[in-house]
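Make the full structure from the sequences, and use the hints.
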Amino acid sequence: MATTIRANTFLQRLIGAAALDAAIYEEVETDSGATGQAMSVVVLSSIAIGIGTRGIGGGAGTVAIFGVIALVSWAAWALLMFEVGARLLPGRRTRSSPYELLRTLGFAATPGFAAVLASVPGIAVPVLVGTALWMLAAMVVAVRQALDYETTGRAMVVCVVGWALAMAFALGLGMLFGPRVS
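The sequence shown maps to residues 0 to 181 in numbering that gives the first Met the number 0.
Do not rely on the hints blindly, as some may be mistaken.
[Said to hold, decoys possible] Distance ranges between label pairs, derived from CB positions: (1) MET166 x GLU25: 21 to 31 Å; (2) ALA59 x ALA6: 32 to 42 Å; (3) VAL119 x GLY90: 37 to 47 Å; (4) VAL119 x GLU149: 19 to 29 Å; (5) GLY60 x THR93: 36 to 46 Å.
Think of the hints as simulated: they come from the structure by calculation, not from any bench. Think of the CB as a built atom: it goes at the ideal place given N, C-alpha and C, for glycine as much as any other residue.
Next up, the structure:
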């Protein structure tokens, strides 16, 4: 008798991605139908980050600006990680397409949902920093699975290099388009 394994629901994937479950990242890597889900996670996470920035001051315009900056920064981070991870530092078993990596990285944005809690004044900075670190950890798992790395260390290097470059990009955008602090 053959056994059938059904895919996890979207909610189960979100919970597994937030819990850094490598099996969930493997599942979305191979499921080309999960591309839309992954992109919706990125958009919702970016909106949550934008809302969370209210806790550090600013109005609706600030929310929109930081939401867009979060979205553009994620895209830059994803592109940089593909270039660094698949082209500059591939492992022996690395065989990946940009779409596989984008799906896993999309679900790795799930911890960004917690950034909405930063809209509470007084806890904004710790929540935003904690969320960023949680997303970094999720990205490490996503990169390791999507690029078929044998070690977590290689995935960490790819993510930290990509994260540093993307954060510099985000900081530059924030300085150019963000509100002036006096």
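Assessment of proposed distance window 37 to 47 Å (beta carbons of VAL119, GLY90): This hint holds: roughly 42 Å between Cβ atoms.
Distance restraint hint 19 to 29 Å, applied to the beta-carbon atoms of VAL119 and GLU149: violated (42 Å)
Whether the CB-CB distance between ALA59 and ALA6 falls inside 32 to 42 Å: Once the Cβ atoms are compared, 38 Å apart, the range 32 to 42 Å for ALA6 and ALA59 holds.
Verdict for GLY60, THR93 (Cβ pair) under range 36 to 46 Å: holds (42 Å)
C-beta pair MET166, GLU25: status relative to the range 21 to 31 Å that was hinted: holds (27 Å)
Hint violations for this structure: number 4 only, all remaining hints satisfied.
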